[in-house]
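Visitor: Sequence:
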Amino acid sequence: MADQTGIVAGALLPGMPHLLAGEPAPSWSALADAARDVGARLRRLDPDVVLLLSTQWFTVLGHQFQCDPNPRGEHVDENWYAYDYGLLDYDLRFDVDFTERWADRVQADGMQARRTRYEGFPIDTGTIVTSTLLDPDRRLRWAQVSCNLYAGADTLADVGRAGAAAARDAGLRAAVVVVTGLSSGLIQQWIEPHQDRIGEPGHDQWNTRILDLLTAGKVDEVLAVREDFARQAQADSQFRALAFAAGAEATTGPAHLHAYGPIWGTGAAVLSWNLPDHQ
709 MADQTGIVAG ALLPGMPHLL AGEPAPSWSA LADAARDVGA RLRRLDPDVV LLLSTQWFTV
769 LGHQFQCDPN PRGEHVDENW YAYDYGLLDY DLRFDVDFTE RWADRVQADG MQARRTRYEG
829 FPIDTGTIVT STLLDPDRRL RWAQVSCNLY AGADTLADVG RAGAAAARDA GLRAAVVVVT
889 GLSSGLIQQW IEPHQDRIGE PGHDQWNTRI LDLLTAGKVD EVLAVREDFA RQAQADSQFR
949 ALAFAAGAEA TTGPAHLHAY GPIWGTGAAV LSWNLPDHQ
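For the sequence shown, the positions run 709 to 987 when the working numbering is used.
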């Protein structure tokens, strides 16, 4: 593993701010603890860079790349601030040199790549929540691309594939993290944290089916039913984040399911591929 370049591991995590709540629901706490465990494993792996895609940073024109080496500030989540879950501090480290390589590769493959670098750029909640849980001491270096709302799953897979190629070309060991949910049927009323549950039984059945396939190493079967999952369980961003991770070859072998549960009615899971044990 130490001599391997390119993508060596992957993880899939939810990015809702409830995971950082002071008085979380049991499922939020379990998911947050699982994310911290994945973070400890990821830091033990010590990749040169971590490729990141969050479905909450979405764009409509091309694929946008974060080129600010150190975005920092305070973020107010537009959906959850009123519920005491949306005021978040962040201080991030991005590998701009690698990000430029990745963007160049995306352009060379015939896709539009845009660089973003300006003070006060609105970092999304998913990125902040995930980086806080995975990397509390800010040891990891990130490279992030946006989730284009109008890009098909095959296109996002190509963006991930370009990132893996850029890492190999640079002689880097890289990991992939995708921030996404499973079913996205929110409970449409105020609840106390202990009342949280998957909003629809059918959504829970779909989530379980997807997780069973992933833990059996059947990523291709998940991608084959992805559109049905999106239609029948409102899968977050049509579950295209998995296509991105698969394109980058971050989902090889059976997934390790660290946790699964509801976040305000939605389905959420923490999964990893090929991470070392935490010691």
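FYI, nobody ran anything at the bench for these hints, they're computed from the structure.
This one's a predicted model, so the numbers in the text were calculated from it and none came from an experiment.
Any given hint might turn out to be false.
To be verified - The list that follows gives simulated cross-link-like pairs (lysine to any residue, SDA-like), each with its CA atoms no further than 25 Å apart: (1) K926 / N982; (2) K926 / D877; (3) K926 / P984; (4) K926 / D936; (5) K926 / Q913; (6) K926 / R869; (7) K926 / Q903.
To be verified - Taking CB as the label site, the calculated pair distances span: (8) D792 / T824: 40 to 48 Å; (9) E935 / F766: 33 to 41 Å; (10) Y826 / F766: 12 to 20 Å.
Ideal placement from N, C-alpha and C gives every residue a C-beta, glycine not left out.
Visitor: Run every hint past the structure and note whether it holds.
Guide: How the hints compare with the structure:
1. Under the criterion of a C-alpha separation no larger than 25 Å, the hint pairing K926 with N982 is consistent with the structure, at around 15 Å.
2. The suggested pairing of K926 with D877 is violated, with an alpha-carbon distance near 28 Å, which exceeds 25 Å.
3. Proposed proximity of K926 and P984 is supported: the alpha carbons are some 21 Å apart, at most 25 Å.
4. Proximity of K926 to D936 is assessed by CA-CA distance (about 16 Å); at most 25 Å being required, the pair is judged to hold.
5. A threshold of 25 Å between alpha carbons decides the hint, and for K926 with Q913 the separation of about 17 Å falls inside it, so the pair holds.
6. For the hint pairing K926 with R869, the CA-to-CA distance comes to about 19 Å; that is within 25 Å, so the pair holds.
7. Distance check on the hinted pair: K926 and Q903 sit about 33 Å apart at the alpha-carbon level, beyond 25 Å; violated.
8. Distance hint for D792 and T824: a CB-CB separation of about 30 Å, inconsistent with the stated range 40 to 48 Å.
9. A hinted range of 33 to 41 Å is violated for the C-beta pair E935 and F766, which are about 19 Å apart.
10. Our hint of 12 to 20 Å for Y826 and F766 holds, since their Cβ atoms are close to 18 Å apart.
Of the numbered hints listed earlier, those contradicted by the structure are 2, 7, 8 and 9.
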